[in-house]
Amino acid sequence: MAKITTAVLQKMKLQGEKITMLTAYDASFAKLFAEQGVETLLIGDSLGMVLHGKNDTLAVTTNDIAYHTRAVRAGAPDAFVIADMPFMSYTSVEQTMQSVVPLMQAGANMVKLEGGEFLLATVKALTERGVPVCGHLGLTPQSVNIFGGYKVQGKTDAAAAAMIAQAKALQDAGAQLLVLECIPTALAKQITDALTIPVIGIGAGNVTDGQVLVMHDLLGISSGYIPKFSKNYLAQTGEIRSAISAYVSEVKNQTFPGNEHSF
Numbered sequence: 001m002a003k004i005t006t007a008v009l010q011k012m013k014l015q016g017e018k019i020t021m022l023t024a025y026d027a028s029f030a031k032l033f034a035e036q037g038v039e040t041l042l043i044g045d046s047l048g049m050v051l052h053g054k055n056d057t058l059a060v061t062t063n064d065i066a067y068h069t070r071a072v073r074a075g076a077p078d079a080f081v082i083a084d085m086p087f088m089s090y091t092s093v094e095q096t097m098q099s100v101v102p103l104m105q106a107g108a109n110m111v112k113l114e115g116g117e118f119l120l121a122t123v124k125a126l127t128e129r130g131v132p133v134c135g136h137l138g139l140t141p142q143s144v145n146i147f148g149g150y151k152v153q154g155k156t157d158a159a160a161a162a163m164i165a166q167a168k169a170l171q172d173a174g175a176q177l178l179v180l181e182c183i184p185t186a187l188a189k190q191i192t193d194a195l196t197i198p199v200i201g202i203g204a205g206n207v208t209d210g211q212v213l214v215m216h217d218l219l220g221i222s223s224g225y226i227p228k229f230s231k232n233y234l235a236q237t238g239e240i241r242s243a244i245s246a247y248v249s250e251v252k253n254q255t256f257p258g259n260e261h262s263f
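Residue numbers (this note's numbering): 1 to 263.
Read the hints as simulated data drawn from the structure, not as lab findings. Predicted model, so just to flag it, every value in this text is computed and none were measured. Glycine included, C-beta positions come from ideal geometry on N, C-alpha and C. Each hint should be verified, as a subset may be incorrect.
[To be verified] Label pairs and their computed distance ranges (CB to CB): (1) G220 - K11: 17 to 25 Å; (2) T5 - T91: 24 to 32 Å; (3) H52 - I240: 32 to 40 Å; (4) I221 - A186: 16 to 24 Å; (5) R241 - M88: 35 to 43 Å; (6) T5 - E128: 40 to 48 Å; (7) E117 - N232: 15 to 23 Å; (8) M88 - T255: 19 to 27 Å; (9) E17 - A186: 30 to 38 Å.
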């Protein structure tokens, strides 16, 4: 795999080539994913659920993310690595500047923050200081207690309009990538078409510039909550490398997610 950069991802959007992303937490799987052509690897705070056995992501720390980022970078030196910023690690610009240091030093190419308008000053400050930012709108797992569970977001006209405005504002503040989670397909298309930066979907239909899945969901080994939009590729193929390859192929040709995985 050639080295993946923000410029490469931007070119993929412009050329209509779909971007693939998977969560990764260790060197071995990171190497495997990169070998199968996965361009972007996310050290997600989902590790709190799939690795630590928690019911949500809230207990994950910056040190946790930095530890796994270092391992993923070692396994996939040319992949584009995104590190989640954990719950309450970016409540102010000053705190964010401190929190982001160990993540970038561990090998992240970009950090991901959940939220909209309240983050604009933080996103601007990060990008001005050379830290690329990925936004995250829709269902934001760190706010699960406010949402009352894992529910589809942006279903009303007002909520959809607000999300479109937030997406544009994040881009204007300097965000270079955006994740949309659990929103209606029509809204995902509106946002994707309105932005010049790549948009990655998870539970947002096949109309975004790319897709992301939690690796444990893709392999059918998650315990507890399994999202409607996930797909067990290991059951389909019977072998891990083939499962990853099938995921990459189906994202590229837009057969994943299909209508059964859309809202």
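Outcome of the hint check:
Between G220 and K11, the C-beta spacing of about 33 Å breaks the proposed range 17 to 25 Å. The beta-carbon spacing between T5 and T91, approximately 30 Å, falls within the hinted interval of 24 to 32 Å. At roughly 22 Å, the beta carbons of H52 and I240 sit outside the given window of 32 to 40 Å. At about 32 Å, the beta-carbon gap between I221 and A186 misses the expected band of 16 to 24 Å.
Restraint check, R241 to M88: a C-beta distance of roughly 38 Å satisfies the suggested window 35 to 43 Å. For the pair T5 and E128, the beta carbons lie near 19 Å from each other, so the given range of 40 to 48 Å is not met. At roughly 37 Å, the beta-carbon separation of E117 and N232 lies outside the given 15 to 23 Å, and the hint is violated. With their beta carbons about 39 Å apart, M88 and T255 fall outside the hinted range of 19 to 27 Å.
Take E17 and A186: their Cβ atoms lie about 23 Å apart, and the range 30 to 38 Å is violated.
Consistency with the previously given hints fails for numbers 1, 3, 4, 6, 7, 8, 9, ordered from lowest to highest.
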